[in-house]
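Q: Single-letter residue listing:
Protein chains: 6
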Amino acid sequence: MAKGFDRKIGQQAIMYAFAEEEEEALTSKFTQMNWRYGKGKVGSMELQKIVAAIETSAKRQEIVNAELYREMHALYHAIIEAMHGVTRGQVELGGMLRTAGLRFAILRGHPFENKAEGEWIAVAVYGTIGAPVRGFEHEAIGLGINHI
Amino acid sequence: MAKGFDRKIGQQAIMYAFAEEEEEALTSKFTQMNWRYGKGKVGSMELQKIVAAIETSAKRQEIVNAELYREMHALYHAIIEAMHGVTRGQVELGGMLRTAGLRFAILRGHPFENKAEGEWIAVAVYGTIGAPVRGFEHEAIGLGINHI
Amino acid sequence: MAKGFDRKIGQQAIMYAFAEEEEEALTSKFTQMNWRYGKGKVGSMELQKIVAAIETSAKRQEIVNAELYREMHALYHAIIEAMHGVTRGQVELGGMLRTAGLRFAILRGHPFENKAEGEWIAVAVYGTIGAPVRGFEHEAIGLGINHI
Amino acid sequence: MAKGFDRKIGQQAIMYAFAEEEEEALTSKFTQMNWRYGKGKVGSMELQKIVAAIETSAKRQEIVNAELYREMHALYHAIIEAMHGVTRGQVELGGMLRTAGLRFAILRGHPFENKAEGEWIAVAVYGTIGAPVRGFEHEAIGLGINHI
Amino acid sequence: MAKGFDRKIGQQAIMYAFAEEEEEALTSKFTQMNWRYGKGKVGSMELQKIVAAIETSAKRQEIVNAELYREMHALYHAIIEAMHGVTRGQVELGGMLRTAGLRFAILRGHPFENKAEGEWIAVAVYGTIGAPVRGFEHEAIGLGINHI
Amino acid sequence: MAKGFDRKIGQQAIMYAFAEEEEEALTSKFTQMNWRYGKGKVGSMELQKIVAAIETSAKRQEIVNAELYREMHALYHAIIEAMHGVTRGQVELGGMLRTAGLRFAILRGHPFENKAEGEWIAVAVYGTIGAPVRGFEHEAIGLGINHI
Numbered sequence: 009m010a011k012g013f014d015r016k017i018g019q020q021a022i023m024y025a026f027a028e029e030e031e032e033a034l035t036s037k038f039t040q041m042n043w044r045y046g047k048g049k050v051g052s053m054e055l056q057k058i059v060a061a062i063e064t065s066a067k068r069q070e071i072v073n074a075e076l077y078r079e080m081h082a083l084y085h086a087i088i089e090a091m092h093g094v095t096r097g098q099v100e101l102g103g104m105l106r107t108a109g110l111r112f113a114i115l116r117g118h119p120f121e122n123k124a125e126g127e128w129i130a131v132a133v134y135g136t137i138g139a140p141v142r143g144f145e146h147e148a149i150g151l152g153i154n155h156i
Numbered sequence: 009m010a011k012g013f014d015r016k017i018g019q020q021a022i023m024y025a026f027a028e029e030e031e032e033a034l035t036s037k038f039t040q041m042n043w044r045y046g047k048g049k050v051g052s053m054e055l056q057k058i059v060a061a062i063e064t065s066a067k068r069q070e071i072v073n074a075e076l077y078r079e080m081h082a083l084y085h086a087i088i089e090a091m092h093g094v095t096r097g098q099v100e101l102g103g104m105l106r107t108a109g110l111r112f113a114i115l116r117g118h119p120f121e122n123k124a125e126g127e128w129i130a131v132a133v134y135g136t137i138g139a140p141v142r143g144f145e146h147e148a149i150g151l152g153i154n155h156i
Numbered sequence: 009m010a011k012g013f014d015r016k017i018g019q020q021a022i023m024y025a026f027a028e029e030e031e032e033a034l035t036s037k038f039t040q041m042n043w044r045y046g047k048g049k050v051g052s053m054e055l056q057k058i059v060a061a062i063e064t065s066a067k068r069q070e071i072v073n074a075e076l077y078r079e080m081h082a083l084y085h086a087i088i089e090a091m092h093g094v095t096r097g098q099v100e101l102g103g104m105l106r107t108a109g110l111r112f113a114i115l116r117g118h119p120f121e122n123k124a125e126g127e128w129i130a131v132a133v134y135g136t137i138g139a140p141v142r143g144f145e146h147e148a149i150g151l152g153i154n155h156i
Numbered sequence: 009m010a011k012g013f014d015r016k017i018g019q020q021a022i023m024y025a026f027a028e029e030e031e032e033a034l035t036s037k038f039t040q041m042n043w044r045y046g047k048g049k050v051g052s053m054e055l056q057k058i059v060a061a062i063e064t065s066a067k068r069q070e071i072v073n074a075e076l077y078r079e080m081h082a083l084y085h086a087i088i089e090a091m092h093g094v095t096r097g098q099v100e101l102g103g104m105l106r107t108a109g110l111r112f113a114i115l116r117g118h119p120f121e122n123k124a125e126g127e128w129i130a131v132a133v134y135g136t137i138g139a140p141v142r143g144f145e146h147e148a149i150g151l152g153i154n155h156i
Numbered sequence: 009m010a011k012g013f014d015r016k017i018g019q020q021a022i023m024y025a026f027a028e029e030e031e032e033a034l035t036s037k038f039t040q041m042n043w044r045y046g047k048g049k050v051g052s053m054e055l056q057k058i059v060a061a062i063e064t065s066a067k068r069q070e071i072v073n074a075e076l077y078r079e080m081h082a083l084y085h086a087i088i089e090a091m092h093g094v095t096r097g098q099v100e101l102g103g104m105l106r107t108a109g110l111r112f113a114i115l116r117g118h119p120f121e122n123k124a125e126g127e128w129i130a131v132a133v134y135g136t137i138g139a140p141v142r143g144f145e146h147e148a149i150g151l152g153i154n155h156i
Numbered sequence: 009m010a011k012g013f014d015r016k017i018g019q020q021a022i023m024y025a026f027a028e029e030e031e032e033a034l035t036s037k038f039t040q041m042n043w044r045y046g047k048g049k050v051g052s053m054e055l056q057k058i059v060a061a062i063e064t065s066a067k068r069q070e071i072v073n074a075e076l077y078r079e080m081h082a083l084y085h086a087i088i089e090a091m092h093g094v095t096r097g098q099v100e101l102g103g104m105l106r107t108a109g110l111r112f113a114i115l116r117g118h119p120f121e122n123k124a125e126g127e128w129i130a131v132a133v134y135g136t137i138g139a140p141v142r143g144f145e146h147e148a149i150g151l152g153i154n155h156i
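Chains as they are written, first to last, in the working numbering: chain A, 9 to 156; chain B, 9 to 156; chain C, 9 to 156; chain D, 9 to 156; chain E, 9 to 156; chain F, 9 to 156.
Be a bit skeptical, because a hint or two may be false.
[Claimed, not checked] Below, simulated DSSO-like cross-link-like pairs (lysine-lysine); rule was C-alpha separation at most 27 Å, straight line: (1) LYS123(B) to LYS37(A); (2) LYS37(D) to LYS49(D); (3) LYS123(B) to LYS16(D); (4) LYS37(D) to LYS16(C); (5) LYS37(A) to LYS47(A); (6) LYS67(C) to LYS47(C); (7) LYS123(D) to LYS67(B); (8) LYS123(C) to LYS67(C); (9) LYS16(E) to LYS67(F); (10) LYS16(A) to LYS49(B); (11) LYS57(B) to LYS37(B); (12) LYS57(C) to LYS37(D); (13) LYS57(B) to LYS57(F).
Simulated from the structure, these hints should not be mistaken for lab results.
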């Protein structure tokens, strides 16, 4: 499985989103591979705030060039694809009376052996989704990958 | 995040799906917690074959009781929710000219501190999705969690 | 609720789909109101067969004029809307490894007081949906209403 | 159809949602079967208010235990599934410039002959959906069933 | 292709939405065919405002009879179908942190040779969709057709 | 509207899909702008055949490099987005008992003034969708745009 994909940008983005102490081992590997990376946290009942938080984080950590629509377009679709995994059906939170508390990780690099495949971006989100009631929530995960 | 969820059944299901050598460390922890677990692989352009493979695996590894509809119902919905993360939009593969090669992991246990919350089931899927052309695929992930 | 809708074409379609012995009381009321009506049964893992069965039944029982696209168009959309209630997410059966056994009822008449509102069509479906395993299924319902 | 399902929790939930004078006959049957039940009304352009109203009603009428996430999780998914039948496509109201006026009924009991299948919950919704203009609306129905 | 559809109401609605100087040639043809027509512009992050703008325009330009629910029902579904083409997945704008700037065109007439097919309505929308950032947007199009 | 988008790749792709005699005027403009272009026809009840036909056409007409996954990935998503406009809800044909007969046009070029925005691809589809019965169909349109 995933032969040509031996740098597994998606799995690494998930691991990075999960990571607490192990974070440094991962980021030093990303640096070695010359990948850009960043992570953050966001909690909201409003999906647009989650999208905005990930976009802002990607810009500030210079994973994407905020001046180029083509890069923001690639990032946006990766975020929305990741949110499909979290929301599982409707890409909606508050309108369905639910809230999400998420960590997100963004990776940008060359995941394919073939250099001509160029750069790709992976957005991983992991956290909880549930009722706006403390503890009435379970875990959720999502991953979006796009060429950039 | 995920305060009451300190046994993180979802994250562990994902780690278990990722795991190769590290698998034993995980499964011995599952055994210690008295959780049921199992994993497998499936590749198909037909979504129903992926659902069937996960169901069959869960039955054979005795994670669910195949005689009880309530358990199969809980499992089924967890599988479909996980497949939302993989398919990101339409829960469809071949009909959209794409195929998936997935590893899946199933965990069943008590993720919540409060014993009254009972058992839950987590289905994690990880692998690749893409064109029916070798290497023209990227990673995808999904997680479904349900009470059982 | 449903002030202007006092002939409740939707509720009556559902009652008619449910009906066994009470059927005559309903159909004599439909005749009195000058409504066209019909019912049938269909079970399949293929959604298109369910759509086809309802369409064929509506044509044979002369609820719609099979020569007019505008009538078939109104009926088709009412059927698909009803199937949303049965499938709850993806309008798909076998591709998600599930099957449905349904009774359907079709009503056509003037549900509104205001005659200018003309004729409307209601399609009600009721039955079970579940795994292709005897008894591993629960009830499902759907209702589609359209102007015709 | 629905062989093993002879207590037809779904059909009864719908009948209970429809019921006006006949309500007592139904509720005395529910009591006899040792089922929990409740009903209510809600009208809104905001879907989350409808979800909240059904949840609140289920808690107040002690159909679910508001202290247990597992019960609220089962109820929530049953409500969202029911709303799929009402909204037929996007689980959204005001954002698509439409409003719904609904009666809802909640039943909790043992619908299966096999006692080991345990308790299930059914949420039925019935009413009108349409433009935010008096009388510019038609009927809609939905049913969600879940193990609890 | 589109044999029986030689008056191509959909293509003409799109051309009319695109049209700037060529508009008169189109509208004089519409008048000749005895079709009703109208166009307008709307930009919003709120999908309901776009729906409302198209509905209001259709009423004011007397393309539909605002007193008849059946006509507003036909128009509403045509608008929502058109917005599927613009939104490509979730019929949602601001909740997914995107905005749309659209021209819309509405045509009502007899597109089929067979007079018995009666009147149909076409709603075409064309413009841009993207981030709420100037220039970070690409084109989008949608077409909804319904019997009226 | 569409300020920065003055080469309107989407509108031109639609016009090219519509075009019969006027085709040459368009293609000579495309050549002048150094854009790649191609068109074709496909009719099917199977959505995957439509996707395949557009992909094959784009490869044969050398609009994309069939050796590069990144290009095929960009094209694939543009096709699926275009098919959302045609299918308006579920990206499905035969499974919902409907068929489509489509012309498609593919354009690849620099639509933005800012050269750094690079190349984008537009897929336009236009034709009819309806019952598998001659003439029981209406027009449908779709447009997908992606960075490449």
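Q: With reference to the structure, classify each hint as holding or not holding.
A: A quick look at each hint next to the structure:
{"no.": "1", "hint": "LYS123(B) to LYS37(A)", "result": "violated (41 Å)"}
{"no.": "2", "hint": "LYS37(D) to LYS49(D)", "result": "holds (22 Å)"}
{"no.": "3", "hint": "LYS123(B) to LYS16(D)", "result": "violated (31 Å)"}
{"no.": "4", "hint": "LYS37(D) to LYS16(C)", "result": "holds (26 Å)"}
{"no.": "5", "hint": "LYS37(A) to LYS47(A)", "result": "holds (15 Å)"}
{"no.": "6", "hint": "LYS67(C) to LYS47(C)", "result": "holds (11 Å)"}
{"no.": "7", "hint": "LYS123(D) to LYS67(B)", "result": "holds (21 Å)"}
{"no.": "8", "hint": "LYS123(C) to LYS67(C)", "result": "holds (25 Å)"}
{"no.": "9", "hint": "LYS16(E) to LYS67(F)", "result": "violated (31 Å)"}
{"no.": "10", "hint": "LYS16(A) to LYS49(B)", "result": "holds (18 Å)"}
{"no.": "11", "hint": "LYS57(B) to LYS37(B)", "result": "violated (30 Å)"}
{"no.": "12", "hint": "LYS57(C) to LYS37(D)", "result": "violated (37 Å)"}
{"no.": "13", "hint": "LYS57(B) to LYS57(F)", "result": "holds (21 Å)"}
Violated hints, listed in ascending order, are 1, 3, 9, 11, 12; each of the other numbered hints is respected by the structure.
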